[in-house]
Amino acid sequence: MKVIKEAISGTLESSDLLVKVAPSEKGAIEIVIKSKVIKQFGKQIRRVVTQTIEQLSVTAGSVVIEDKGALDCVIRARVQTAILRGCGSEELEWEKLS
Amino acid sequence: MTAKNDFYEVQPKDAPPEMEEIRNLLANNDLRLDAQIQVFVVCRRNGRLVACAGLDHQTIKCVAVAQQLRGESLSLTLGTEVVKLAARRGQFHLFLYSAPHNLPFFRGWGFYPLVEVPQLVVLMENSPIAMEEYCEQLREQRRPGRTIGGIVLNANPFTLGHRYLVEKAARACDWLHVFVVKEDASLFSYEDRFALVAAGVQHIDNLTLHPGSDYIISRATFPGYFLKDTAIIDHSWAAIDLLLFREYIAPALGITHRYVGTEPFDPVTSSYNADMKRWLQQAPSSSAIVTVVEVPRLSVGGAAISASAVRALLALGDFEALKPLVPPPTLRLLQAKFADRKHNLIGARTA
Numbered sequence: 001m002k003v004i005k006e007a008i009s010g011t012l013e014s015s016d017l018l019v020k021v022a023p024s025e026k027g028a029i030e031i032v033i034k035s036k037v038i039k040q041f042g043k044q045i046r047r048v049v050t051q052t053i054e055q056l057s058v059t060a061g062s063v064v065i066e067d068k069g070a071l072d073c074v075i076r077a078r079v080q081t082a083i084l085r086g087c088g089s090e091e092l093e094w095e096k097l098s
Numbered sequence: 099m100t101a102k103n104d105f106y107e108v109q110p111k112d113a114p115p116e117m118e119e120i121r122n123l124l125a126n127n128d129l130r131l132d133a134q135i136q137v138f139v140v141c142r143r144n145g146r147l148v149a150c151a152g153l154d155h156q157t158i159k160c161v162a163v164a165q166q167l168r169g170e171s172l173s174l175t176l177g178t179e180v181v182k183l184a185a186r187r188g189q190f191h192l193f194l195y196s197a198p199h200n201l202p203f204f205r206g207w208g209f210y211p212l213v214e215v216p217q218l219v220v221l222m223e224n225s226p227i228a229m230e231e232y233c234e235q236l237r238e239q240r241r242p243g244r245t246i247g248g249i250v251l252n253a254n255p256f257t258l259g260h261r262y263l264v265e266k267a268a269r270a271c272d273w274l275h276v277f278v279v280k281e282d283a284s285l286f287s288y289e290d291r292f293a294l295v296a297a298g299v300q301h302i303d304n305l306t307l308h309p310g311s312d313y314i315i316s317r318a319t320f321p322g323y324f325l326k327d328t329a330i331i332d333h334s335w336a337a338i339d340l341l342l343f344r345e346y347i348a349p350a351l352g353i354t355h356r357y358v359g360t361e362p363f364d365p366v367t368s369s370y371n372a373d374m375k376r377w378l379q380q381a382p383s384s385s386a387i388v389t390v391v392e393v394p395r396l397s398v399g400g401a402a403i404s405a406s407a408v409r410a411l412l413a414l415g416d417f418e419a420l421k422p423l424v425p426p427p428t429l430r431l432l433q434a435k436f437a438d439r440k441h442n443l444i445g446a447r448t449a
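Listed in order, the protein sequences are those of chains A and B. Residue 47 in our numbering sits at position 47 of the first sequence, with consecutive numbering throughout. Residue 196 in our numbering sits at position 98 of the second sequence, with consecutive numbering throughout.
Looking at chain A on its own, in the form it has when it is part of the complex (with noise of 0.2 Å):
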């Protein structure tokens, strides 16, 4: 699965995170990551973005994430409906998003 069109979701707020997909234009997965707690969880982060890239089993797509201290279960939440969106996926395979 690739990203094939820019989608957002999440909000701004407190203890929540923006998530914006677009399509990769060096046909990779690339993953930015800015957070108001990135020193202290920073890693912890990027971890769990990425597994749950992973897990959809997306090759290619930016990945944008404008965090505000979102717990783990937002995060994937957050970025598995981005890139759901971004992916123009219409039939959803449940097992992947546990």
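Hint data in this document are derived by calculation from the structure and do not stem from the laboratory. On a predicted model such as this, the values are computed, not experimentally measured, just so you know. Don't take each hint at face value.
[What the hints assert, rightly or not] To list a few chain A residues with every Cβ distance to chain B over 12 Å, as calculated:
no.	residue
1	M1
2	T11
3	K34
4	F41
5	R46
6	T50
7	S57
8	A60
9	A77
10	Q80
11	E90
12	K96
[What the hints assert, rightly or not] Below are the DSS-like pairs computed for lysine-lysine, each with C-alpha atoms no more than 25 Å apart in a straight line:
no.	chain 1	residue 1	chain 2	residue 2
13	A	K2	B	K182
14	B	K421	B	K266
15	A	K26	B	K280
16	A	K34	B	K182
17	A	K36	B	K182
18	B	K102	B	K182
19	B	K182	A	K5
20	A	K2	A	K26
21	B	K280	B	K102
22	B	K375	B	K266
Virtual Cβ for every residue (Gly too), placed ideally from N, Cα, C.
Since the structure of chain A is already known, use the hints to place chain B on it.
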């Protein structure tokens, strides 16, 4: 008890009753209603309009939150709403104009500063990487040399005057980078303008023709440029466009000189040339100076050639008078598009 915030869209063209409230809210925040805004997101609480943010294509302007409601994170909801509104309208790459002292506030919206006119205005975009990626692409096109020229053309349409300017610059430089304005707000489409420039400069060896971008004379970076015929210019912000050129584009390509034709007719372009000297050469900046070279326009029969003169002749359907002003490919396009039409072009967009 928390009051309920009701967010909804308002279109200025429908002249809704909200416009007066928006105007008041903006005035209380030292802002003026920008006539280019297509749609506003507003927030109503207990019957009062307490916040608004306007969208002009991909640019956010006229953002205000009532004084008493600050510090409640209302602004973050407003930011989310306007970003989502833009997304529904197919706009994901967004720009935003702000007073410099509000910059930290818009950082919270996920916007990053690009350039600042000190004490006046800062242009931000909603990506921490887009400009860097653009510059990276430009850097791949760098050419060696001591004198590297740059020209930005709208070429609406490409004339012998444009060709003269490009040839003259190419002779004076080791390499010349030419950009075509991308915004489709002119009489001729970007596709047509680009094709005619490409045909008109193909005989020049030391030249790279670049597509335009959001960062070079676009509606986002230089809104006034596309309004010059309507004479309703809220802000021309030529400084913003020129600082983007000086601080990002010129360093990425190693451009040392910017070439431009003298402008005897059009007041917006003429003041742009004056602004060019100020912001590329004189204003303090962390980036090196780009020397502005004004080339006197090519004249035919005592009159300087300009694209606006060509459009005026086109409006009259005077193809004989056009012939000495444009190269053959442009003439062919003009004839193909306009010869068989009794087309009244007066009042058409002529940027």
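Comparing the hints with the structure gives:
1. The Cβ of M1/A lies farther than 12 Å from every Cβ of chain B, with a closest approach of about 19 Å, so its non-interface assignment holds.
2. The Cβ of T11/A sits about 4 Å from the closest Cβ of chain B, inside the 12 Å cut-off, so the non-interface label is violated.
3. In this structure K34/A is not separated from chain B by more than 12 Å, as the shortest Cβ-Cβ distance comes to only about 6 Å.
4. No Cβ of chain B comes within 12 Å of the Cβ of F41/A; the nearest lies about 18 Å off, and the non-interface call holds.
5. Chain B leaves R46/A outside its interface by the beta-carbon criterion, the shortest separation being 15 Å against a cut-off of 12 Å.
6. The claim that T50/A lies off the interface holds: its Cβ sits roughly 17 Å from the closest Cβ of chain B, which is beyond the 12 Å cut-off.
7. With a closest Cβ-Cβ approach of about 24 Å to chain B, S57/A is found to remain outside the 12 Å limit, as its non-interface label requires.
8. The claim that A60/A lies off the interface holds: its Cβ sits roughly 15 Å from the closest Cβ of chain B, which is beyond the 12 Å cut-off.
9. With a minimum CB-CB distance of about 16 Å to chain B, A77/A clears the 12 Å threshold, and the non-interface call stands.
10. Residue-level check passed: Q80/A sits 17 Å from the nearest beta carbon of chain B, beyond 12 Å.
11. Non-interface call for E90/A relative to chain B: holds, since the shortest CB-CB distance, roughly 19 Å, exceeds 12 Å.
12. Here K96/A stays apart from chain B, with its beta-carbon at least about 24 Å from theirs, past the 12 Å limit.
13. Using a Cα cut-off of 25 Å, the hinted pair K2/A and K182/B holds, with the two alpha carbons roughly 22 Å apart.
14. With a C-alpha separation of about 22 Å, the suggested pair K421/B and K266/B falls inside the 25 Å cut-off, and the hint holds.
15. The straight-line distance between the Cα atoms of K26/A and K280/B is roughly 23 Å, inside the 25 Å bound, and the hint therefore holds.
16. Taking the CA atoms of K34/A and K182/B, the gap is near 19 Å; set against the 25 Å cutoff, the hint holds.
17. Distance check on the hinted pair: K36/A and K182/B sit about 21 Å apart at the alpha-carbon level, within 25 Å; holds.
18. At roughly 20 Å between alpha-carbon atoms, K102/B and K182/B fall within 25 Å of each other, so this suggested pair holds.
19. Only pairs whose Cα atoms come within 25 Å are accepted, and K182/B paired with K5/A is accepted, the gap being roughly 15 Å.
20. A hinted pair counts as satisfied when its Cα atoms are at most 25 Å apart, and K2/A with K26/A qualifies at roughly 12 Å.
21. Proximity of K280/B to K102/B is assessed by CA-CA distance (about 43 Å); at most 25 Å being required, the pair is judged violated.
22. Simply put, K375/B and K266/B have alpha-carbon atoms about 19 Å apart, close enough for the 25 Å limit, and the pair holds.
When held up to the earlier numbered hints, the structure conflicts with 2, 3 and 21 and fits the remainder.
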